[in-house]
Amino acid sequence: MGGVLDVVGLGTLAVDYVALVPKIAEPEEKVGIEDYQVHLGGVAGNTLTQIALLGASVGWFGKIGDDREGEILLDDFKKKGIDISHVIIERGKKSMFTWIQVDPKGNRAIVMFPNTIVDLAPEDIEGSFREYIKKVKIFSSEATLIPLRTVLQAARIAVEEGVKFIFDIDVDPLSLSVSGLGTEEELRELINRSPPTFSIRWRACFGISI
Numbered sequence: 108m109g110g111v112l113d114v115v116g117l118g119t120l121a122v123d124y125v126a127l128v129p130k131i132a133e134p135e136e137k138v139g140i141e142d143y144q145v146h147l148g149g150v151a152g153n154t155l156t157q158i159a160l161l162g163a164s165v166g167w168f169g170k171i172g173d174d175r176e177g178e179i180l181l182d183d184f185k186k187k188g189i190d191i192s193h194v195i196i197e198r199g200k201k202s203m204f205t206w207i208q209v210d211p212k213g214n215r216a217i218v219m220f221p222n223t224i225v226d227l228a229p230e231d232i233e234g235s236f237r238e239y240i241k242k243v244k245i246f247s248s249e250a251t252l253i254p255l256r257t258v259l260q261a262a263r264i265a266v267e268e269g270v271k272f273i274f275d276i277d278v279d280p281l282s283l284s285v286s287g288l289g290t291e292e293e294l295r296e297l298i299n300r301s302p303p304t305f306s307i308r309w310r311a312c313f314g315i316s317i
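Residue 282 in my numbering sits at position 175 of the sequence shown; the count goes up by one each step and never skips.
Read the hints as simulated data drawn from the structure, not as lab findings. Incorrect hints may have been included.
[Unchecked claim] No more than 25 angstroms apart at the CA atoms, straight line, and that leaves these computed lysine-lysine pairs for DSS-like:
hint, residue 1, residue 2
1, Lys200, Lys186
2, Lys241, Lys201
3, Lys187, Lys130
4, Lys186, Lys244
5, Lys244, Lys271
6, Lys187, Lys244
7, Lys212, Lys137
8, Lys185, Lys130
9, Lys201, Lys212
10, Lys244, Lys185
11, Lys186, Lys201
12, Lys200, Lys130
13, Lys242, Lys271
14, Lys212, Lys271
15, Lys130, Lys186
16, Lys187, Lys201
17, Lys187, Lys137
18, Lys185, Lys201
19, Lys137, Lys185
[Claimed, not checked] Across the chosen pairs, the derived CB separations fall in these ranges:
hint, residue 1, residue 2, range
20, Val278, His193, 24 to 30 angstroms
21, Glu296, Arg198, 42 to 48 angstroms
22, Val111, Glu136, 24 to 30 angstroms
23, Val111, Lys212, 40 to 46 angstroms
24, Val218, Glu141, 32 to 38 angstroms
25, Lys137, Gly269, 53 to 59 angstroms
Even glycine gets a Cβ: it sits at the ideal position worked out from N, Cα and C.
Working from the sequences, and respecting the hints, build out all of it.
This is the structure we're talking about:
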């Protein structure tokens, strides 16, 4: 895909295996399914899909495995016209996927298998994606599974190059250190590098002026 892209994202991209169930199973309980579906998911996957459907030019970069899930993800993005020129395919590795139970009220229970998507390091950003980030209008990322230090490296490049940075927090900030996702300092910097109108609630949580 040539030219300047409108939006490029770094974040979770997964194959969702969805079971529609009469109720969410309790511990040691067996529940039959009413339907079974396979969808593209992940925070970045969903966000970029919606933006692409609105007519914008979109791309995603990161790591996936050379497995069935990886093929599903790439095929889905190709059909939607989403740029995958900077996707790294890791040989012998597994792509991200999830198991999801959904009850009639829409309540969900989600089991996530991050796999190789979280293997992206700050050095990968600098070595493989700097030029890609520099040439877009908007860079979008998130706090979900990819280490914050990696997201932060990409955000720094974007801001330095005058690229607008949009950041989504999809986790409880209090769980950062426990989950190993990152530190409060990294999250603060990411919030500060995003637009001033970004998430008044999160800015207030960290005492960041608006």
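Now for the hints, and whether the structure bears them out:
With a C-alpha separation of about 24 angstroms, the suggested pairing of Lys200 with Lys186 holds against the 25 angstroms cut-off. Under the criterion of a C-alpha separation no larger than 25 angstroms, the hint pairing Lys241 with Lys201 is inconsistent with the structure, at around 29 angstroms. At roughly 33 angstroms between alpha-carbon atoms, Lys187 and Lys130 are farther apart than 25 angstroms, so this suggested pair is violated. For a cut-off of 25 angstroms, the pair hint linking Lys186 to Lys244 stands: about 22 angstroms separates their Cα positions.
Our distance criterion of 25 angstroms between C-alpha atoms is met by Lys244 and Lys271, whose separation comes to about 6 angstroms. A threshold of 25 angstroms between alpha carbons decides the hint, and for Lys187 with Lys244 the separation of about 19 angstroms falls inside it, so the pair holds. With a C-alpha separation of about 19 angstroms, the suggested pair Lys212 and Lys137 falls inside the 25 angstroms cut-off, and the hint holds. For the hint pairing Lys185 with Lys130, the CA-to-CA distance comes to about 35 angstroms; that exceeds 25 angstroms, so the pair is violated.
For the hint linking Lys201 to Lys212, the alpha-carbon distance of about 32 angstroms lies beyond 25 angstroms, and the restraint is violated. This hinted pair checks out: Lys244 and Lys185 have alpha carbons roughly 21 angstroms apart, not beyond 25 angstroms. Annotation: proposed proximity of Lys186 to Lys201 holds, straight-line Cα distance about 22 angstroms (limit 25 angstroms). Annotation: proposed proximity of Lys200 to Lys130 is violated, straight-line Cα distance about 33 angstroms (limit 25 angstroms).
Simply put, Lys242 and Lys271 have alpha-carbon atoms about 11 angstroms apart, close enough for the 25 angstroms limit, and the pair holds. Between Lys212 and Lys271, the direct Cα distance comes to roughly 37 angstroms. Violation of the 25 angstroms bound is thereby established for this hinted pair. Proximity of Lys130 to Lys186 is assessed by CA-CA distance (about 34 angstroms); at most 25 angstroms being required, the pair is judged violated. Proposed proximity of Lys187 and Lys201 is supported: the alpha carbons are some 23 angstroms apart, at most 25 angstroms.
Between the alpha carbons of Lys187 and Lys137 the distance comes to roughly 37 angstroms, so the proposed pair goes past 25 angstroms and is violated. The suggested pairing of Lys185 with Lys201 holds, with an alpha-carbon distance near 20 angstroms, which does not exceed 25 angstroms. Annotation: proposed proximity of Lys137 to Lys185 is violated, straight-line Cα distance about 38 angstroms (limit 25 angstroms). Between Val278 and His193 the C-beta distance comes to about 25 angstroms, which sits within the given range of 24 to 30 angstroms.
Our hint of 42 to 48 angstroms for Glu296 and Arg198 is violated, since their Cβ atoms are close to 34 angstroms apart. Range check, Val111 to Glu136: Cβ separation about 52 angstroms, and the 24 to 30 angstroms hint is violated. Roughly 43 angstroms separates the CB atoms of Val111 and Lys212, a value that falls within the hinted 40 to 46 angstroms. One distance hint, 32 to 38 angstroms for the beta-carbon pair Val218 and Glu141, is violated here, with the actual separation near 19 angstroms.
At roughly 55 angstroms, the beta carbons of Lys137 and Gly269 sit within the given window of 53 to 59 angstroms.
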